[in-house]
Every structure is written in structure tokens, then in C-alpha cells.
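Asks: One letter stands for each residue in the lines below.
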Amino acid sequence: MTADDHELLSRLADTVRSQIAPAVDDEYARTQAFMAAVILQRLAKQAQFFDEHRAAEFSDVAALTDQLDAAFAAAGPAPDAQAHVPADVRDAVARMRRLSSIAAVSEVLEALYRWGPDGPVAAPALDTIRQVLRRDIDRRMEIAR
Amino acid sequence: MGALSDYLRERLGASGSVDIQNAERIAVGWSHETWLFAAVWSDGVGEQRQAFCLRRDPGNALLRQESDLGEQFRVLLCLEPTDVPAPRAFWYEPDPEALGAPAIVMERVPGECPSPWRRAGREYYAAAAERGVLPASFTDALAAVHNVDWQAAGLDFLGVPGTGSDFALGEIAKWEALIDDSGHPGHPILADLIGWLRHHAPATEQLTLVHGAYRTGNVLIHEDQVSAVLDWELQVIGDPMYDVAYVLTELNREGTELLSNVVPRDLFFERYQQATGIEIDEQRCAYYQLLYAMRSAAFWMSAAGLYADGANSDLRLARTHWSVTVALERAATELGY
Numbered sequence: 000m001t002a003d004d005h006e007l008l009s010r011l012a013d014t015v016r017s018q019i020a021p022a023v024d025d026e027y028a029r030t031q032a033f034m035a036a037v038i039l040q041r042l043a044k045q046a047q048f049f050d051e052h053r054a055a056e057f058s059d060v061a062a063l064t065d066q067l068d069a070a071f072a073a074a075g076p077a078p079d080a081q082a083h084v085p086a087d088v089r090d091a092v093a094r095m096r097r098l099s100s101i102a103a104v105s106e107v108l109e110a111l112y113r114w115g116p117d118g119p120v121a122a123p124a125l126d127t128i129r130q131v132l133r134r135d136i137d138r139r140m141e142i143a144r
Numbered sequence: 000m001g002a003l004s005d006y007l008r009e010r011l012g013a014s015g016s017v018d019i020q021n022a023e024r025i026a027v028g029w030s031h032e033t034w035l036f037a038a039v040w041s042d043g044v045g046e047q048r049q050a051f052c053l054r055r056d057p058g059n060a061l062l063r064q065e066s067d068l069g070e071q072f073r074v075l076l077c078l079e080p081t082d083v084p085a086p087r088a089f090w091y092e093p094d095p096e097a098l099g100a101p102a103i104v105m106e107r108v109p110g111e112c113p114s115p116w117r118r119a120g121r122e123y124y125a126a127a128a129e130r131g132v133l134p135a136s137f138t139d140a141l142a143a144v145h146n147v148d149w150q151a152a153g154l155d156f157l158g159v160p161g162t163g164s165d166f167a168l169g170e171i172a173k174w175e176a177l178i179d180d181s182g183h184p185g186h187p188i189l190a191d192l193i194g195w196l197r198h199h200a201p202a203t204e205q206l207t208l209v210h211g212a213y214r215t216g217n218v219l220i221h222e223d224q225v226s227a228v229l230d231w232e233l234q235v236i237g238d239p240m241y242d243v244a245y246v247l248t249e250l251n252r253e254g255t256e257l258l259s260n261v262v263p264r265d266l267f268f269e270r271y272q273q274a275t276g277i278e279i280d281e282q283r284c285a286y287y288q289l290l291y292a293m294r295s296a297a298f299w300m301s302a303a304g305l306y307a308d309g310a311n312s313d314l315r316l317a318r319t320h321w322s323v324t325v326a327l328e329r330a331a332t333e334l335g336y
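Those protein sequences? They're chains R and W, same order as listed. In terms of numbering that gives the first Met the number 0, the first sequence opens at residue 0 and continues consecutively. In terms of numbering that gives the first Met the number 0, the second sequence opens at residue 0 and continues consecutively.
Keep in mind that the hints were calculated from the coordinates and are not lab data. All residues carry an ideal CB built from backbone N, CA and C; glycine is no exception. Take the hints with a grain of salt, since some may be wrong.
Only some residues are given here: those of chain R computed to face chain W with a beta carbon under 10 Å [said to hold, decoys possible]:
id	residue
1	Gln-31
2	Met-34
3	Arg-94
4	Arg-96
5	Glu-106
6	Val-107
7	Val-131
8	Arg-133
9	Asp-135
10	Arg-139
11	Met-140
12	Ile-142
Computed footprint of chain W on chain R, listed as stretches where at least three residues anywhere in the stretch have a Cβ under 8 Å from a Cβ of chain W [stated by the list, open to error]:
id	segment
13	36 to 43
14	49 to 56
All chains, full assembly: derive it from the sequences and hints.
Replies: What follows is the structure, given as C-alpha cells:
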């Protein structure tokens with residue numbers, strides 16, 4: 000997706016909305032044409048923000064894994080503090096680091112809920128994750144709105 | 000219309016052909032086709048005329064997994080002797096050869112069903128709220144649903160949840176299955192929401208019939224009274240607060256303090272509690288509002304999936320890809336993000 004894609008899709012959306020849809024007689028088909036314009040406009044926004052959002056996601060996930068690793072390192076007494084964190088939680092965070100994807104946060108969350116979301120390590124970890132997810136959904140809302 | 004005429008001829012005991020008049024498909028809901036028509040026939044005594052409503056299952060619509068017409072038909076039969084205003088159901092036809100798709104034929108109840116998502120609909124409900132009759136009738140109809148003796152009515156075929164948090168956990172599992180089936184990529188907010196809902200699932204203190212989507216837009220109104228509760232697609236035996244939460248939610252009112260666009264909050268609380276003897280538990284309602292956020296996300300994921308996999312070409316479904324984001328943003332806000 001590029002800025003060119005954004006402009007092309009925006010123009011297509013405008014054409015469908017202002018020229019094609021109003022010329023359709025059949026009510027169902029006309030509604031579908033207007034809907035197509037809405038969808039093209041959303042795709043145009045997706046193209047517009049693609050690079051910016053991807054970079055922000057990459058940065059957020061990297062920072063989140065660092066924060067979680069640090070929190071887990073302080074989870075118990077040295078020298079093996081992270082042993083106090085269940086293996087599935089640690090594995091999920093490691094996978095999230097490898098994938099650099101917000102989607103991989105789901106597995107971390109599922110593992111934290113299995114561990115117990117109110118625990119002294121899990122609860123602040125959840126808060127940290129939610130800050131990242133808030134930023135992510137706000138970015139997505141720039142497209143969905 | 001020929002197939003419908005033939006179908007009705009046999010069932011109505013017509014001596015000749017059945018004339019189908021004023022047939023129109025109405026644009027309601029996302030799950031089934033709804034047709035209104037009048038049938039005119041002679042039975043040997045004289046000319047008869049009756050208005051009907053036909054619902055057909057095209058097999059590729061939203062909530063097809065949750066919305067079996069056979070079950071709807073059975074529910075409507077069970078409700079017939081109760082105080083719940085609901086259409087009388089005449090026939091269920093499971094054979095797609097007969098009417099082009101599985102279908103139920105019901106009476107056409109007089110009334111209108113303005114969409115609360117449109118300005119004209121909201122103005123309609125605001126004016127009705129001013130007159131004061133519909134708010135009471137809307138509340139009473141929900142109370143009637145919750146007052147049904149569901150065991151005596153034979154509604155236990157819907158499945159009866161066990162004690163404790165079984166009802167809430169069952170609903171979570173149902174919507175999770177729809178999400179899994181949708182093929183739509185999930186989002187961590189959904190994982191958080193599901194984890195939170197499981198962790199905080201409330202115990203259900205009382206089981207009633209639950210409509211599952213009780214709001215304006217799903218009830219028919221005639222002369223300011225609810226003439227029929229419609230859309231029997233999501234009904235369950237469960238916690239009545241599940242329905243109450245749907246009435247209380249801001250999702251079902253836009254720019255008004257009136258619950259479901261029509262009922263003043265105080266009136267609803269007082270009248271509902273008096274009619275049912277059930278105390279409204281706002282904390283449990285708040286929980287169910289988050290469960291509705293999950294359900295909304297599941298609906299939209301399922302809808303977008305139907306378009307994406309080629310099962311349905313309605314572009315409204317494709318657009319719901321972005322409605323998932325809106326539902327998740329709301330869930331995040333309600334979870335305190």
C-alpha cells in the first residue's frame with residue numbers, strides 16, 4: 000500500500016459515490032453502490048496510514064516486550080526471577096518479540112488470564128499491555144471512523 | 000408466488016387457487032428474508048382474506064448458526080398461550096423445495112417498526128415517549144417475556160443453564176464459536192475481553208425466558224402499544240438482566256437519555272420491577288453490556304467473514320469489517336483502557 004494507492008482509491012470512492020451510485024435506478028443496487036463507495040474510502044484511508052501504523056505497531060510491540068521482560072525479571076528473587084512467571088507466559092512474550100505483531104499479544108493475554116489476572120505481576124502486565132492496545136485501537140479507529 | 004399459492008392452497012383448505020396480493024419484501028434484519036402479503040381464497044363458504052408474514056432462511060445470512068427457523072417456530076407456538084405479544088405462527092416448512100428455502104408462515108400483526116438507527120425513527124420514538132403510552136407498553140412487554148413460566152410453556156427445549164455462572168460462560172462460548180467460525184483475524188482486545196468476561200462471570204440467581212435483543216426496532220408498534228415482539232432469533236433461558244442490560248445500554252440509544260430511545264429510566268426501573276418482582280442489578284447489567292460488546296464483535300466478524308468467503312455478496316456485510324474495530328474500541332473503553 001502506498002500514497003498512490005490512497006489517491007487512486009479515494010478518487011474511485013468519489014466517482015462511485017457522486018456519479019455511479021446516483022445513476023442507479025434499482026434501490027438495492029443503488030444502496031450497494033453507495034456501500035461500495037464507503038468501502039473504497041475505508042481502503043483509501045488504510046492505504047494512507049499503512050506505513051505510519053505499521054511503524055507505530057512495530058515500535059509499540061518492541062517496547063512492550065522490553066517492559067514485560069523487565070517486569071518478569073523483577074517477579075521473584077534472584078538469580079532466577081523469571082522462573083516465577085509461568086512458562087506459557089514467557090513463551091508467549093518471546094513469540095511476540097519474534098513476530099513483532101500486535102496480533103501476537105493475544106497469546107500473552109490468554110496466558111496471563113490463565114495465570115490469574117489479579118496477581119501481583121500479571122495485573123500490572125495487563126495494564127501495560129492495555130496502554131499499547133489503546134494506542135493500537137485508536138490508530139485503527141482513524142480508518143474505521 | 001406460484002409455489003406459495005400452491006403451498007397455501009393445501010393448508011388453507013381452499014377450493015380453488017389462492018391469490019397472493021400486495022407481496023413485498025421488507026428490509027428488516029440481516030438474518031432472514033421477510034415477506035408480507037395477503038392471501039385471498041375461497042373455501043366453499045365464501046371469499047376469505049388474511050394477511051401473512053413469511054420468513055425464509057436463505058442459508059447464507061448473518062447468524063445462520065444461531066437462528067434456526069424451526070426453533071423460532073417452536074418458540075412462537077410455546078408463546079401463543081402466554082401474555083407475550085408475539086405473532087401467531089401457522090406453519091414451518093423445512094423443505095427448501097416447497098418455498099425456495101426453509102420458511103415459517105405467521106400472521107401479519109398490525110403495526111409498524113420504525114428503525115431507531117434513522118432520524119425519522121428516533122423522532123417517532125421521541126414523540127411516542129411524549130405521549131407516554133409506548134414507554135409503559137414497551138416495559139410491560141419485556142416484563143411479560145420474563146414472567147413466562149418457561150417450563151410450563153415447554154421452552155426448556157432451548158436448553159437450561161446450570162447453577163452458578165453457567166449461563167454467562169455458555170454465552171461466551173457461543174459467541175466465541177461464532178468468532179472462530181468467522182475466519183476473521185482476531186485482535187488482542189478481544190482476547191482481553193473474553194478473558195475478563197470469563198474471570199468475572201456472574202452467578203445467575205433466577206432463570207427466565209430471555210429474548211436476547213429486546214429493543215425498539217425489534218418490536219412492532221400499533222397505536223402506541225407493542226403489538227408484537229419480533230426477532231425471536233437469540234432467545235435463551237437465562238438471566239433476565241441480560242435483556243435488561245440491552246435496554247439500559249447506550250448502544251441502543253443515540254443522543255437521548257430515553258432507554259432504547261423511548262423509555263424514561265425511572266419509569267422503566269419502577270414498572271419493570273413492579274411487574275416482575277425482579278430487582279434490577281446494575282452491576283450485573285454492566286457485566287452483560289461487556290458481553291454485548293463481545294457479541295457485537297462476533298456479529299460483525301461473522302458478517303465480514305460471510306462476504307470474504309464468498310457466501311454472501313451483500314456489500315453491507317463487507318463494510319462490517321470495520322464495525323469490528325468500532326465494537327472493540329467500545330469494549331476497550333468499557334474495560335477502562
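Asks: Check each numbered hint against the structure and report the violated ones by number, ascending.
Replies: 3, 4 and 14
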